[in-house]
Amino acid sequence: MIGNLVVGGLAAGCLYAMVGIAIAIVLNITDIANFAQGEMAMITTFFAYWLLEDIGLAWWQAVSIAAVFGLMQGIIVQQVVIRPLIGSPVLSAIIATLGLNIVLNSLAGLIWGHQTYTFPSPFTFSAPFHVAGVAIPVASIVNIAVALAIIAGMTLLLRFTWMGLGLRAASQNQTVARLMGVSITKSSAIAWGLGGLVGGIAGMLVAPAVFLDTNLMGTLLIKAFAGGVLGGLNSLIGVFLGCLAFGVAENLAGAYLSPSFADAITFLVIIAVLIVRPEGIFGRVKVRKA
Amino acid sequence: MVATDIVRPPERWVSRNLTAALAAVGLLLACAAPLVLNGYALYLLTLAEIFALVALGLNFLTGYAGQISLCHAAFFGVGAYATALLTTKAGLPYLVSLPLSALLTTAIGAVVAVPALRLKSLYLAIATLGFGVVLQKIIFEWRDLTGGGGGLALGAPTVAGHELGATGLHFLTLAFVVVGLWGAYNMSRGRTGRALLLIKESEIAAASLGIDIARYKVTAFAVSAFYAAIAGGLYAYLVRYINPESFNVGLSIGFLSMVVIGGLGTIGGSIVGAAFYVIVPELLRGIKDAPGLVFGLLLVIVMVFMPRGLWGVLRQLLNQLPGKR
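Chains as they are written, first to last, in this note's numbering: chain A, 1 to 290; chain B, 1 to 325.
Derived by calculation from the structure, the hints in this document are not laboratory data.
Glycine included, every Cβ here is placed at the ideal spot set by N, Cα and C.
Among these hints, one or two may not hold up.
[Stated by the list, open to error] Sample of chain B residues with no beta-carbon within 12 Å of chain A, all distances over it, derived:
hint, residue
1, Gly26
2, Val36
3, Leu44
4, Leu47
5, Thr62
6, Gln136
7, Leu181
8, Val249
9, Glu282
10, Gly296
11, Gln316
[As the list claims (entries may be wrong)] Not close to chain A: a few residues of chain B, all C-beta gaps over 12 Å, as computed:
hint, residue
12, Ala23
13, Ala33
14, Ala90
15, Leu95
16, Pro115
17, Gly132
18, Arg189
19, Ile253
20, Ser257
21, Met303
[Stated by the list, open to error] Rough simulated footprint, nothing fancy, chain B against chain A, three-plus residues with beta-carbon under 8 Å:
hint, region
22, 69–79
23, 102–109
24, 154–160
25, 220–230
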């Protein structure tokens, strides 16, 4: 019983983690919490669906092209909406992403209507693994593996490339980074592109688990934020583990404490953790001189 | 931000008088409105005034103290439910239950402020969001008292034995807005407002000047919860049907948007932002298929071209008027 609950929680948690990682990438480099991340991912997923169903591409082709679409989408959004707001109060940029969230949602509604679609996945019919009598769906394992691969890739990129060095510099002190020849607009564009890419991949992996419709990401986004805060937003692995923990806590609270108070209990746990560790469990205090 | 942003130069005589004139014109228009507006338009006006009250309080917290809150919809809801229950079940007069429930919500706001003493930005946003979810859930599950998900239907409020119609409620709301404006104006220019501005800029600097950071943050949370609760009590009797579902995160984000659209840290901005948020979607309702699309676009455009909000632009225009010294 408890094994099934934990696995179910992990399966949900890794969906949150995928979205959470996309948010954390943009947030760490540009300081902007992107409320449109979910809807951007939703658009990318719908684009992949269109490639699959109407153009008739194979799954791998559609997903790869859509991932590039996600990257471009992130860069375009940055150029049009975020770039003019560099140097403005961060809250203004956040509210702009909120507006973008509404725009993308209604746009998708206009194009694809409000019915639900089933997004195919090559893993739907694979037999689940059995570990100690607990069935573990293949899709969850793939999701966790992809999330870990993204984290590893991002960490390598940020630690060992010149671009990553520039991104980290821009996230610490924009003025000094600029003096050292790092272009702030460029690093912000790269961050948004990466966010769009990761978000798009997340959307395409999330969609088979739930139904594909314009509200695909509505609840996921908030839970991804919550899980990320629990783990510590400035550590990607923290976001990942925080989201998994959130999924498990939610499931366990629902089963053992009270189904109707599951959300509330989970949030109370987060608040309690934050009182003790204000930067999240794995977060480091970001030293910043204004 | 630099020091000159904190220590504002004395406002120009013209601009200050113009702002006062603008406020007077607005007040006159709001007083005259029931003569010309029909039922639905009057409802919208009252709604905008109610939201303006919430935005005034939230702006005090977010614009001045720099603290983000995503639980103001829950404060709003607690105010609405407490007022409704004190009036219908405890039989108190409306004008007594309104401030009583506001005091109750103020106490809750002060409790929410405690984790806020250690948290910043998104961490604070998620913690307050959590409190919002908890409060909403309590209202939802306390079925005996609140009616749970079925909601609570209310009759017309009575003041001193007279039933308060749409016009009466509008004037009552307007009176609260005027008092709220006066309070916000005084607080923001007084010791509290200056302390909060400094806390927003640098807590270290504030602490080294002997400002009790904890006390002022709790005050800011409590005051803004008070505003939200009064607005909630008015809202309950405006719509006459309340449901825990309506006091969700979306509404909290809406309140935050009002403050930012209007202009962070400006009192006029709260009014303008609330009006924008209520009126613009109504104007767009005629557009087929895409009211959301246009509203979202407007939100983005306002932020991209006026990152300091509508009020900032308005004030700039006023300052450029001919005759300025």
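TODO: Just pull the numbers of the violated hints for me, sorted ascending.
DONE: 5, 6, 8, 10, 16, 17, 19, 20, 21, 22 and 24
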